[in-house]
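**Q** Here is how the chains run, residue by residue.
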Amino acid sequence: MIKLNQADYETMLSHARLSLPEEACGLIAGVTDGEDKIIRKVYLLTNIDHSPEHFSLDPKEQLAAIKDMRLHGLVPLGNWHSHPDTPSRPSEEDKRLAYDSRASYMILSLMNKDNPVLHSFRIIGADAEKEELTILPD
Amino acid sequence: MKITVAGTSKEVTEGLTVAQLIIDEQVETPDYVTVSVNDEFVESGAFKTTKLRDGDSVEFLYFMGGGR
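Those protein sequence lines, which keep their order, are chains A and B.
Mapping to the numbering used here: the first sequence position 55 is 55, numbers consecutive.
Numbers given in the numbering used here equal positions in the second sequence, counted from 1, plus 138.
Accuracy of the hints is not assured; some may be wrong.
Below, simulated DSBU-like cross-link-like pairs (lysine-lysine); rule was C-alpha separation at most 30 Å, straight line [as the list claims (entries may be wrong)]: (1) B:148 to B:189; (2) A:130 to A:113; (3) B:140 to B:189; (4) A:3 to A:67; (5) A:41 to B:189; (6) A:130 to B:148; (7) A:41 to A:3; (8) A:60 to B:148; (9) A:130 to A:41; (10) A:113 to A:3; (11) B:148 to A:67; (12) B:148 to A:95; (13) B:189 to A:3; (14) A:67 to B:189; (15) A:41 to B:186; (16) A:3 to A:60; (17) A:67 to A:130; (18) B:140 to B:186; (19) B:140 to A:67; (20) A:67 to A:41; (21) A:3 to A:95; (22) B:148 to B:186; (23) A:67 to A:113.
To give an idea of the chain A side of the interface with chain B (calculated C-beta under 10 Å), a few residues [unchecked claim]: (24) 7; (25) 40; (26) 41; (27) 53; (28) 55; (29) 126.
Note that these hints are calculated values from the structure, not bench results.
Every residue, glycine too, gets a C-beta built ideally from N, C-alpha and C.
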């Protein structure tokens, strides 16, 4: 299971909406508890592709985020990005570029603007497995 | 000499290159790794010729991207 608090979800959602029509992206960090991943911080990074169809994290911001995680005793748990016009599921490109089988890949769909959908996946090769996601009230 | 790799201090041999460090650290998907030394990014074409120096701080970053 992966756990995200409501405030961090809102932060992610707000950034994704403000980034439209481009895809938004970032990193997630936190702690692990057995099989559970608990997100403590969501990082909002620049999509250097500036595209509605692709994203790449800014390496300089990625480096700064990794250092911030270390400073706060957090571990990298994965990344997140938005799909402005498509469902919350990994695309073929998402799967091809997912190099870490231990990471969580969160996808926030804004296809239905009034009903955003967030799912989290683990991606191993061509296979994507949805993780149980719980959004915790503040 | 002593360098720091991903926040951890390590003793390594003099003249160690970035390319050799990638091997020694068993970096996964080395073709898609970005390396910074003292916060400066090293071009992948220079991995074999970039020698590390005492006190250097090295970070490995993995490319993260995708598309709809």
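**Q** Next, verify each hint and record whether it holds.
**A** For each hint, the structure was consulted:
1. B:148 to B:189: This hinted pair holds, its Cα atoms lying about 15 Å apart.
2. A:130 to A:113: Roughly 22 Å between the alpha carbons, so the hint for residue 130 of chain A and residue 113 of chain A holds.
3. B:140 to B:189: 13 Å, holds
4. A:3 to A:67: 22 Å, holds
5. A:41 to B:189: 35 Å, violated
6. A:130 to B:148: Answer violated: residue 130 of chain A to residue 148 of chain B is near 38 Å, above 30 Å.
7. A:41 to A:3: Given pair residue 41 of chain A, residue 3 of chain A holds - Cα atoms ~11 Å apart, limit 30 Å.
8. A:60 to B:148: 24 Å, holds
9. A:130 to A:41: 21 Å, holds
10. A:113 to A:3: 23 Å, holds
11. B:148 to A:67: 18 Å, holds
12. B:148 to A:95: 34 Å, violated
13. B:189 to A:3: 42 Å, violated
14. A:67 to B:189: 23 Å, holds
15. A:41 to B:186: Not satisfied, since the Cα-Cα distance of roughly 36 Å exceeds 30 Å.
16. A:3 to A:60: Holds, at about 27 Å.
17. A:67 to A:130: Distance ~29 Å between residue 67 of chain A and residue 130 of chain A Cα, so the pair holds.
18. B:140 to B:186: Holds: residue 140 of chain B and residue 186 of chain B sit about 19 Å apart, inside 30 Å.
19. B:140 to A:67: Roughly 20 Å separates the two Cα atoms, so the pair holds.
20. A:67 to A:41: Answer holds: residue 67 of chain A to residue 41 of chain A is near 13 Å, not above 30 Å.
21. A:3 to A:95: Judged against 30 Å, a Cα distance of about 22 Å means the pair holds.
22. B:148 to B:186: Satisfied, since the Cα-Cα distance of roughly 20 Å is no more than 30 Å.
23. A:67 to A:113: 34 Å, violated
24. 7: Interface hint status for residue 7 of chain A: violated (24 Å vs cutoff 10 Å).
25. 40: Violated - the Cβ of residue 40 of chain A stays beyond 10 Å from chain B, reaching only about 18 Å at its closest.
26. 41: 16 Å, violated
27. 53: This hint holds: residue 53 of chain A lies near chain B, its Cβ roughly 5 Å from the closest one there, short of 10 Å.
28. 55: 6 Å, holds
29. 126: The hint is violated - residue 126 of chain A has no Cβ within 10 Å of chain B, the shortest such distance being about 14 Å.
In summary, the numbered hints that this structure violates are 5, 6, 12, 13, 15, 23, 24, 25, 26, 29.
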